[in-house]
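There are 4 protein chains.
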Amino acid sequence: MKPKSDQQLMVDVQNRPDRRGIPINKVGVNQLRYPIVVLDRAHEKQHTIATVSMSVNLNEHFKGTHMSRFVEVLNEHREDMTMWTLPHILYNLKKRLQAECAHLEMEFPYFIERSAPVSGATALMDYQCAFIGDSLNGQDDFTLRVKVPVTSLCPCSKEISDYGAHNQRGIITVDVRGERDGRPEMIWIEEVVEIAEQCASAPVYALLKRPDERHVTMQAYDNPAFVEDIVRNLALRLQNDERVVWFRVQAENYESIHNHNAFACIEWAREAQTSNI
Amino acid sequence: MKPKSDQQLMVDVQNRPDRRGIPINKVGVNQLRYPIVVLDRAHEKQHTIATVSMSVNLNEHFKGTHMSRFVEVLNEHREDMTMWTLPHILYNLKKRLQAECAHLEMEFPYFIERSAPVSGATALMDYQCAFIGDSLNGQDDFTLRVKVPVTSLCPCSKEISDYGAHNQRGIITVDVRGERDGRPEMIWIEEVVEIAEQCASAPVYALLKRPDERHVTMQAYDNPAFVEDIVRNLALRLQNDERVVWFRVQAENYESIHNHNAFACIEWAREAQTSNI
Amino acid sequence: MKPKSDQQLMVDVQNRPDRRGIPINKVGVNQLRYPIVVLDRAHEKQHTIATVSMSVNLNEHFKGTHMSRFVEVLNEHREDMTMWTLPHILYNLKKRLQAECAHLEMEFPYFIERSAPVSGATALMDYQCAFIGDSLNGQDDFTLRVKVPVTSLCPCSKEISDYGAHNQRGIITVDVRGERDGRPEMIWIEEVVEIAEQCASAPVYALLKRPDERHVTMQAYDNPAFVEDIVRNLALRLQNDERVVWFRVQAENYESIHNHNAFACIEWAREAQTSNI
Amino acid sequence: MKPKSDQQLMVDVQNRPDRRGIPINKVGVNQLRYPIVVLDRAHEKQHTIATVSMSVNLNEHFKGTHMSRFVEVLNEHREDMTMWTLPHILYNLKKRLQAECAHLEMEFPYFIERSAPVSGATALMDYQCAFIGDSLNGQDDFTLRVKVPVTSLCPCSKEISDYGAHNQRGIITVDVRGERDGRPEMIWIEEVVEIAEQCASAPVYALLKRPDERHVTMQAYDNPAFVEDIVRNLALRLQNDERVVWFRVQAENYESIHNHNAFACIEWAREAQTSNI
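Each protein sequence line maps, in turn, to chains X, Z, Y and A.
The first sequence begins at 30 in this note's numbering and counts up by one.
The second sequence begins at 30 in this note's numbering and counts up by one.
The third sequence begins at 30 in this note's numbering and counts up by one.
The fourth sequence begins at 30 in this note's numbering and counts up by one.
Check each hint, because a few of them may be wrong.
The list treats identical chains as interchangeable, and a pair is accepted whether it falls inside one copy or across any two copies.
[What the hints assert, rightly or not] Derived BS3-like pairs (lysine-lysine); straight-line CA-CA distance at most 25 Å:
| hint | residue 1 | residue 2 |
| --- | --- | --- |
| 1 | Lys238 | Lys74 |
| 2 | Lys92 | Lys238 |
| 3 | Lys92 | Lys123 |
| 4 | Lys124 | Lys238 |
| 5 | Lys123 | Lys238 |
| 6 | Lys92 | Lys124 |
Hints in this document: simulated from the structure, not taken from any laboratory.
Note that the structure is predicted; figures quoted are calculated from it, not measured.
Please put together the full structure from these sequences, using the hints given.
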């Protein structure tokens with residue numbers, strides 16, 4: 030085998046014309062783990078670790094995209110990941126990759142210090158979150174996703190039983206977009222956690238001492254909620270928050286009496302509601 | 030605590046009126062594992078095990094749905110899961126749960142006996158598949174999903190290197206809907222596997238003897254393909270299959286030179302194409 | 030590049046001598062999915078799908094093992110996987126791969142038809158199981174693993190609260206070896222499921238109608254159990270089963286008041302106990 | 030239901046005597062996510078997020094352990110997790126939970142800035158690591174686990190094919206214990222990464238430009254290695270490092286020509302070797 034000439038080495042295979050005439054909706058990288066810094070309502074900044082997916086469209090004229098540029102753009106921005114900086118990243122992805130559309134999704138755990146309800150003992154609780162950015166046909170969208178673990182206690186089980194009621198860990202997933210005067214509006218992860226917990230039977234904590242355990246046990250028994258109740262309570266709360274222009278909420282229970290889960294889901298857009306009038 | 034009266038025990042909490050005025054898009058069960066029987070092109074029937082999600086809509090007037098009925102309906106139909114029987118399941122879900130819409134998704138591994146390309150040695154290869162059924166506003170849709178593992182060899186790496194070329198396992202995910210004269214048309218899992226393998230660098234096998242390994246090594250080197258090439262090749266093949274009215278194809282490579290993946294995705298609908306004329 | 034000669038193609042690279050002088054404990058394949066047939070106490074046979082790991086040792090004299098032979102051996106035996114046939118598979122692996130030790134592990138879901146406790150409504154419940162076979166220094170060992178989902182209700186929460194008690198889905202994992210007169214002795218998956226369920230607060234079911242839900246709710250409240258209680262109850266039961274010569278039992282609760290789990294584990298061997306006398 | 034008296038609320042159910050006479054090997058919490066700070070060879074400290082498992086033994090006299098204390102101990106130490114501080118955590122767990130043995134396992138991603146081999150372009154690479162601490166019968170053990178993704182290229186495929194060679198991403202898992210003069214001795218994550226990469230066909234990177242891709246493609250082709258070769262190379266390297274008293278190394282390849290993996294494993298202890306002389 031004879032070594033390639035310098036000219037061969039310069040060949041940009043991806044840049045070659047493609048004659049199949051087929052545009053590609055999304056091409057990029059995923060399952061990339063990267064440390065990022067996000068805003069923290071209480072402590073200004075929080076270091077966390079994201080699993081990242083980034084993609085752009087590819088028009089029908091080119092054979093391939095340049096995958097390494099995704100990592101370069103991410104690396105330049107990793108110290109400041111917020112709803113304010115995501116549009117810049119999307120813009121840079123489009124520019125560097127000569128694309129019209131860009132999509133970015135970063136999932137990460139986020140920690141909030143929580144005090145147990147009676148003893149006040151503090152520990153950190155983890156919430157799996159995601160920032161989802163879309164730049165499509167000149168419009169940028171930012172979606173915040175927060176997964177909030179909660180306790181749910183079954184209203185039916187409580188009502189039909191002489192004592193007790195089955196309850197379980199559930200996960201509430203909130204996808205939400207905020208807007209004010211046509212511009213993206215900040216909604217804090219901490220706010221979503223608070224609202225979601227209030228829509229279930231009780232919050233869950235990393236650390237509970239005995240009096241706390243007594244408290245949350247009775248709190249859950251006093252607030253039975255189906256997955257249906259949880260998503261409806263949440264929908265009401267979010268519809269009444271004037272910043273919110275779109276949401277999808279899902280509640281999923283790891284049923285304690287089954288080996289499968291129960292779930293419910295509501296999707297809503299303010300525009301759609303208004304246009305019905 | 031005094032035992033509940035019989036009347037209390039008859040209480041159907043789910044059936045109570047709900048005054049929040051909020052309809053629910055989807056409510057049901059998921060992560061339910063169940064044995065099912067599906068059609069097998071070579072052997073008529075194949076026993077497999079599905080992970081099932083089933084849901085219906087819930088209008089704003091009722092507090093909850095009746096989760097146990099999902100399992101009852103599934104259990105009645107499990108011996109015969111095909112694109113021909115799914116509409117009956119969806120119909121039964123709607124009827125039993127007094128709903129307008131129903132959704133069903135069952136993921137399962139499917140096995141096909143494959144012969145190694147030179148030695149002819151046979152073994153079973155697994156393909157993760159899904160049947161996805163939607164009954165929405167009076168229209169039933171059936172989508173087949175097949176995940177096909179393949180070898181992909183990087184065209185850029187081959188071209189710029191004096192010898193060798195990085196290659197890796199990739200997964201092609203095909204979601205496809207068939208139709209003829211306005212009615213659902215059967216597309217076999219086996220057909221999708223064949224098409225997908227022809228669009229990558231080489232198929233993968235469970236069992237390869239030495240001459241087979243030589244064969245697939247050189248086959249991959251002779252057919253370099255980016256994820257972009259794979260989805261375009263697939264799109265062309267599916268667009269030319271007149272049964273196909275909609276598809277989404279995705280290729281994802283477990284890059285051998287990175288710890289992250291590369292992916293590409295194309296979605297297409299025949300109607301949309303036609304309406305452009 | 031000139032094609033390799035026939036002699037080159039005959040080269041068995043794996044069979045070459047190795048001069049590093051380092052034996053390998055285990056070499057083989059894993060994450061291989063394969064359909065198998067296992068014994069079913071009620072229906073004689075059950076079709077299921079295993080995720081398989083197979084390995085042998087490799088002495089210091091050879092460069093590599095022959096991976097394709099693992100799949101060939103598995104394929105020959107897949108229609109009859111029991112504690113009686115596993116020794117044959119291990120024997121064949123050792124013979125075909127010229128090894129002294131062989132190890133095999135196959136995880137699979139197993140289904141049992143269960144009747145709801147009051148209504149008698151039937152459905153299939155899934156239990157994740159594994160057959161683990163070891164042939165080491167001339168001794169064959171067979172271990173059965175069964176994972177049994179259960180309800181556990183917290184004794185502390187019940188005692189300290191005026192009403193209610195937190196409860197959750199838990200998974201009990203039983204690894205067990207049976208023997209009689211120095212020979213392996215059959216223990217059914219069905220037996221392990223029964224014993225494990227009796228050691229927790231209540232069984233879980235795939236299908237429960239309203240009177241059943243009332244029943245299991247109160248059953249769990251009447252039988253509070255920590256993870257510590259569950260593994261101790263199980264240990265007592267298994268120690269009193271004279272077939273059992275070794276076990277490891279683990280209970281893990283998806284705590285409904287936390288986003289983490291609680292677990293407990295006991296390992297025990299009859300020999301060790303006897304030798305203490 | 031009448032409220033419980035204050036005395037009832039003081040009841041420590043866990044502390045009650047247990048009459049089953051069965052000690053428990055391990056009881057504790059797992060799947061707990063928590064932010065921690067670990068040592069970084071280049072930057073002194075690194076913020077990361079661990080998935081934590083902590084347990085102690087429980088003697089036969091007590092009904093239960095006190096789960097909340099695990100979280101309290103973790104929370105006190107989270108800012109300084111090293112092989113030097115782990116013994117303190119284990120000591121505190123034993124003291125707070127009145128136990129003789131304690132076990133701790135924290136898995137976390139760790140990032141190292143890597144320069145591409147030709148262009149020098151830098152980006153962060155993630156390595157999944159774990160600290161494993163055992164305090165058992167008065168002896169403390171610390172094990173470092175590092176998972177290193179690499180490229181492996183098949184020697185057999187290269188030799189028997191006229192051109193090309195199948196290659197793939199593989200994961201090398203190194204568990205290692207260091208000691209000097211009977212005391213634990215530091216081994217850096219960075220050192221394990223370097224050694225492991227040198228034992229495979231080529232390293233993997235987060236960011237490679239075209240000349241880098243050419244370089245690693247040919248580097249892999251020039252250094253074919255079976256999983257057997259990788260673990261033997263690693264074993265030799267670690268046996269020759271006089272700090273190392275025990276290791277277990279495993280290599281697992283996501284075979285590009287199969288849908289299953291190949292793996293090999295070697296376990297070794299310096300004591301055992303010495304005692305053979």
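For each hint, the structure was consulted:
1. Lys238 x Lys74: neither (29 Å within a copy, 32 Å between copies)
2. Lys92 x Lys238: Answer is between: at 18 Å across copies they meet the 25 Å cutoff, but 61 Å inside does not.
3. Lys92 x Lys123: within (17 Å within a copy, 47 Å between copies)
4. Lys124 x Lys238: Between copies only: 18 Å across chains, 54 Å inside a chain, cut-off 25 Å.
5. Lys123 x Lys238: For Lys123 and Lys238, the Cα distance is within 25 Å only across copies (19 Å; inside one copy 52 Å).
6. Lys92 x Lys124: Result: close within a single copy only, 18 Å intra versus 50 Å inter.
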